[in-house]
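Protein sequences, first through last, are from chains X and Y. At position 101 of the first sequence the residue is numbered 101 (this note's numbering), and the sequence of numbers has no breaks. At position 82 of the second sequence the residue is numbered 82 (this note's numbering), and the sequence of numbers has no breaks.
No lab work stands behind these hints, which were simulated from the structure alone. Be aware that a few hints might be false.
Listed next, the in silico SDA-like pairs over lysine to any residue satisfying Cα-Cα at most 20 Å (straight line) [said to hold, decoys possible]:
(1) Y:Lys-67 / X:Glu-139
(2) X:Lys-67 / Y:Lys-67
(3) Y:Lys-67 / X:Ala-138
(4) X:Lys-67 / Y:Ser-141
(5) X:Lys-67 / Y:Ala-138
(6) X:Lys-67 / X:Val-184
(7) Y:Lys-67 / X:Val-184
Quick look at which bits of chain X chain Y covers, simulated, 3 or more residues with Cβ under 8 Å [what the hints assert, rightly or not]:
(8) 138 to 151
(9) 190 to 202
(10) 210 to 223
The beta carbon of each residue, even a glycine, is placed where N, CA and C say it ideally should be.
Protein chains: 2
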Amino acid sequence: MLIARVATERGPRHGIVDGDRVRLVRDLSDLTTTGERVAFTSSTLLAPVQPGTIYGMAHNTGPSDRKLAPQAFLKPGHGAIGPGDPIPIPHGVGLVVAEAELALVIGRPARHRTLADALAVVLGFTAANDVTARSLQAEDSLWLAGKGFDGFTPLGPVIDTDLPADADISLAIDGATVSRAATVELARGFAEIIVFLSSITTLQPGDVILTGAPGADAELRPGRRVAVSVGGLTLINPVSAAPEPAGLLEHYRKALS
Amino acid sequence: MLIARVATERGPRHGIVDGDRVRLVRDLSDLTTTGERVAFTSSTLLAPVQPGTIYGMAHNTGPSDRKLAPQAFLKPGHGAIGPGDPIPIPHGVGLVVAEAELALVIGRPARHRTLADALAVVLGFTAANDVTARSLQAEDSLWLAGKGFDGFTPLGPVIDTDLPADADISLAIDGATVSRAATVELARGFAEIIVFLSSITTLQPGDVILTGAPGADAELRPGRRVAVSVGGLTLINPVSAAPEPAGLLEHYRKALS
């Protein structure tokens, strides 16, 4: 089942994709259809969830990362954007890259999950671009400056409730594939990630977990178009220059260096 | 003006404290009173805001920290608890401490603020306890394991909309004061903190910023009672043992070490 979030006259609504229509539901926690139907068009498609918290797995990009302890970072939930939304690149932050990842969308509160029951709390998955300002990330050990900019977490286009054991992941810039990988290459799989995070905090319905990028990243520059494909879902975003006031960010970049 | 958030039959509501009553308002973004009044009692008092995102300033505890670049961390918003709520200490995480801080509550979206207009986006302040698992913080460079546990951000008791230029901060355990300080000792003041964070992301109404602990911390153990006093507000929380299943967290602590 595919779940979309669409702009309607009454504000953002979730619904189940049914051909070229979306059958609206009460909300993400109650998928009962209301009888309302709207067209399934790219122009009304929003980020498939407005996350409370976005968790991201650090160094989970290949088998050798299993030697490292599991670690996670947070991104501001309001930094999520939808398919087709421009990714704003701030002025003067240096190298910014796309990371193609499978994102888990949490459906039920999750605390102290075990490997056996971890996946039961997952509503589904979507494609995610864990946009990262690499230079700032290297300068800020807590990663907020590298990961936390507005629009740095494109999600979508929809939530697929059928989470596969393994999903192919590819990354393309301007239509040319630059990386092919699969989630089976991740150091820690979906269930183990949920066990780890839920040993610290209660994952909330609507929270999003970026599971890690098993493939190579790619530089984002204004004017480019980036596509993340995960398990049959393709998330496409243009890249734009952020309308920054000059000077401010440079000031803090210097302070961070 | 003091703003409280109280439990009512219709769910959590914000209101303006008026003697022993709370005059309910529409919401935090529209402080128009509705005519409803409820009693102002400790038993119905909730965390004064349910933050979308909790930002915390790192190493902002004294003048020498100005030599370091500004850095911030995130805590999960749902980890906030209110006055009187027990702080749950997970089993086996080692030293856990209280940090007494002034928390800024954001009232209006804030992006690219300057020193001159930064404070205009602040709705007010409240007292905060930035509870931290020190051992885990030392093992997890991204700080989620050290800062991210459920209940690790007590806030309250109310929001005072009159942000002072300087506020006294004290920390007490079981009624005995263990630390006295003032926000004027912070390496970076309120306005500079907002300039820094809003150079990265849009601060949202209801977001909370932990500005840093200028005083000493104090160990929290189940059975203790911790009080954070900031600018005339006093936030008191009992400390309890978290109902953890044995083994799970230890497993990840070992993995992190």
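Report task. Determine which of the earlier numbered hints do not hold for this structure and return their numbers in increasing order. Result -> The structure breaks hints 2, 7, 10; every other hint is satisfied.
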